[in-house]
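Number of protein chains: 2
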Amino acid sequence: MKKVEIIGLDGIPDVKPGDDVAALIEGALKALGLLLEDGDILVVSQKVVSKAEGQIVRAVDVRPSPLARRLSQDIDKTPEHMEVILRNTARIVRMDRRRGIFIMATPHGFVCANAGVDRSNVGKEEVYTALPEDPDGTADAIRRRLEKSFSVRIAVVVSDTFGRPWRLGQTDVALGISGMSPFRDYRGLVDPYGYELKSTMVAVVDEVAAAAELVKGKLDGVPVTLVRGVVFEVARGSSRDLVRRMEEDLFL
Amino acid sequence: MKKVEIIGLDGIPDVKPGDDVAALIEGALKALGLLLEDGDILVVSQKVVSKAEGQIVRAVDVRPSPLARRLSQDIDKTPEHMEVILRNTARIVRMDRRRGIFIMATPHGFVCANAGVDRSNVGKEEVYTALPEDPDGTADAIRRRLEKSFSVRIAVVVSDTFGRPWRLGQTDVALGISGMSPFRDYRGLVDPYGYELKSTMVAVVDEVAAAAELVKGKLDGVPVTLVRGVVFEVARGSSRDLVRRMEEDLFL
Numbered sequence: 302m303k304k305v306e307i308i309g310l311d312g313i314p315d316v317k318p319g320d321d322v323a324a325l326i327e328g329a330l331k332a333l334g335l336l337l338e339d340g341d342i343l344v345v346s347q348k349v350v351s352k353a354e355g356q357i358v359r360a361v362d363v364r365p366s367p368l369a370r371r372l373s374q375d376i377d378k379t380p381e382h383m384e385v386i387l388r389n390t391a392r393i394v395r396m397d398r399r400r401g402i403f404i405m406a407t408p409h410g411f412v413c414a415n416a417g418v419d420r421s422n423v424g425k426e427e428v429y430t431a432l433p434e435d436p437d438g439t440a441d442a443i444r445r446r447l448e449k450s451f452s453v454r455i456a457v458v459v460s461d462t463f464g465r466p467w468r469l470g471q472t473d474v475a476l477g478i479s480g481m482s483p484f485r486d487y488r489g490l491v492d493p494y495g496y497e498l499k500s501t502m503v504a505v506v507d508e509v510a511a512a513a514e515l516v517k518g519k520l521d522g523v524p525v526t527l528v529r530g531v532v533f534e535v536a537r538g539s540s541r542d543l544v545r546r547m548e549e550d551l552f553l
Numbered sequence: 302m303k304k305v306e307i308i309g310l311d312g313i314p315d316v317k318p319g320d321d322v323a324a325l326i327e328g329a330l331k332a333l334g335l336l337l338e339d340g341d342i343l344v345v346s347q348k349v350v351s352k353a354e355g356q357i358v359r360a361v362d363v364r365p366s367p368l369a370r371r372l373s374q375d376i377d378k379t380p381e382h383m384e385v386i387l388r389n390t391a392r393i394v395r396m397d398r399r400r401g402i403f404i405m406a407t408p409h410g411f412v413c414a415n416a417g418v419d420r421s422n423v424g425k426e427e428v429y430t431a432l433p434e435d436p437d438g439t440a441d442a443i444r445r446r447l448e449k450s451f452s453v454r455i456a457v458v459v460s461d462t463f464g465r466p467w468r469l470g471q472t473d474v475a476l477g478i479s480g481m482s483p484f485r486d487y488r489g490l491v492d493p494y495g496y497e498l499k500s501t502m503v504a505v506v507d508e509v510a511a512a513a514e515l516v517k518g519k520l521d522g523v524p525v526t527l528v529r530g531v532v533f534e535v536a537r538g539s540s541r542d543l544v545r546r547m548e549e550d551l552f553l
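Chains Z and X, in that order, are what the protein sequence lines are. Mapping to our numbering: the first sequence position 223 is 524, numbers consecutive. Mapping to our numbering: the second sequence position 250 is 551, numbers consecutive.
Since the hints were derived computationally from the structure, they do not count as laboratory data. One should not assume that every hint holds.
Because identical chains share one entry, a pair is satisfied inside a single copy or across any pair of copies.
What the hints assert, rightly or not - Subject to a maximum C-alpha distance of 30 Å in a straight line, what follows is the list of computed DSS-like cross-link-like pairs (lysine-lysine):
{"hint": "1", "residue 1": "K317", "residue 2": "K304"}
{"hint": "2", "residue 1": "K304", "residue 2": "K519"}
{"hint": "3", "residue 1": "K317", "residue 2": "K519"}
{"hint": "4", "residue 1": "K304", "residue 2": "K378"}
{"hint": "5", "residue 1": "K331", "residue 2": "K425"}
{"hint": "6", "residue 1": "K317", "residue 2": "K331"}
{"hint": "7", "residue 1": "K303", "residue 2": "K317"}
{"hint": "8", "residue 1": "K331", "residue 2": "K304"}
{"hint": "9", "residue 1": "K519", "residue 2": "K425"}
Modelling step: build the complete structure from the supplied sequences, incorporating the hints.
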């Protein structure tokens with residue numbers, strides 16, 4: 302009986318710029334009496350990484366461009382928010398100005414609403430949080446540190462919540478990967494009942510991110526999840542491999 | 302410490318038209334010594350449902366239309382396969398004939414490659430399996446039957462493997478739902494750190510389908526998964542609620 306467990310790590314405090322995320326995870330694991338095992342996957346929410354790495358801009362420090370002012374007119378976004386979105390945008394994929402929807406490609410190649418820029422109010426101040434610059438690198442640093450501390454081989458995934466076309470609602474996907482291949486590759490194989498699996502390459506890392514979200518919630522302050530029991534291919538891993546090439550994408 | 306368990310149900314045999322899927326699941330659970338509990342979610346692969354419901358067409362019984370013949374020219378699909386795809390298509394969303402890619406909207410409103418029609422070789426014969434006609438109804442019938450047998454309240458999801466734009470690889474999503482809302486709705490809420498969750502409506506049922514795939518694999522003959530520990534809103538549920546309305550979709 303194959304079994305996967307998804308465990309939310311309680312006890313990780315609000316993260317501030319400069320915080321050591323790996324140390325916070327290690328502390329939370331030890332406080333919970335959890336030891337990492339070979340093959341474990343740790344899924345870390347983007348917001349925690351972005352904050353620790355200082356990907357935060359205060360509205361008062363932003364000078365909106367004329368384009369940001371124009372795009373934000375009559376919609377539920379400030380010119381400052383729009384400006385930070387545009388600074389994190391490599392390409393506008395689609396926009397519906399009237400509904401305030403901006404689907405952007407980020408410099409990493411991810412396609413998501415608002416280029417992944419979140420808005421929050423810290424006290425009375427409005428601040429924006431952008432995606433990490435190098436989420437693979439972040440995942441890698443966390444993995445190396447925890448592998449050393451616990452003497453294990455694991456994988457680390459940095460995840461974020463993205464919408465998708467055609468289907469309502471968002472799901473968590475992988476932004477950064479270290480220690481595993483993003484895919485389980487069945488191409489060229491046939492299943493036990495004779496079905497072709499020719500084009501089946503499962504994005505197992507995105508399924509891991511989605512599974513991790515099931516215990517995270519958004520209001521619970523559980524930004525890190527331990528996923529145990531997933532069979533994956535050990536590899537360096539990179540979320541760049543998940544990005545479909547523009548010329549092969551029918552929806553760009 | 303919040304925890305979700307995903308358990309693959311071994312021992313479900315190859316399903317044939319007319320088979321009683323709920324009875325097979327009940328048998329597998331009992332053979333494994335597993336009792337269903339309130340709040341459990343059972344995730345059943347589409348292929349099992351389609352086969353049991355006889356959504357199978359033999360190539361020899363298909364007379365391809367001129368359009369099916371034309372579209373299948375010079376690509377790795379037979380005219381018969383193309384014909385069955387077209388019969389299950391409500392609308393061609395995108396096609397790239399040269400690469401043999403056909404992204405179709407099904408009558409249910411799902412958007413997926415080949416209208417969800419899979420091809421297999423049963424012995425020397427080529428057969429095609431289409432999506433269930435009413436996957437919500439299938440999920441509902443399985444749920445009612447198992448709730449009665451085990452005296453519990455559960456949810457049932459029928460899942461399939463779909464690709465998506467922008468990101469390589471496929472993930473499992475929900476085709477049919479009974480007993481739970483597809484969403485966890487955070488709109489209008491603020492997280493513990495002041496972040497707006499205005500447009501956050503998590504497609505929890507798709508995350509459950511993705512999580513279930515992690516123990517299923519494609520070659521393991523494990524078409525049913527028990528997901529335990531997910532917090533969800535009890536509701537009738539329907540995958541129709543997951544389908545974004547055409548006029549609100551920027552990628553149709």
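### Message
Need the list of violated hint numbers for this structure, in ascending order.
### Response
Hint check: 4, 5 fail, others pass.
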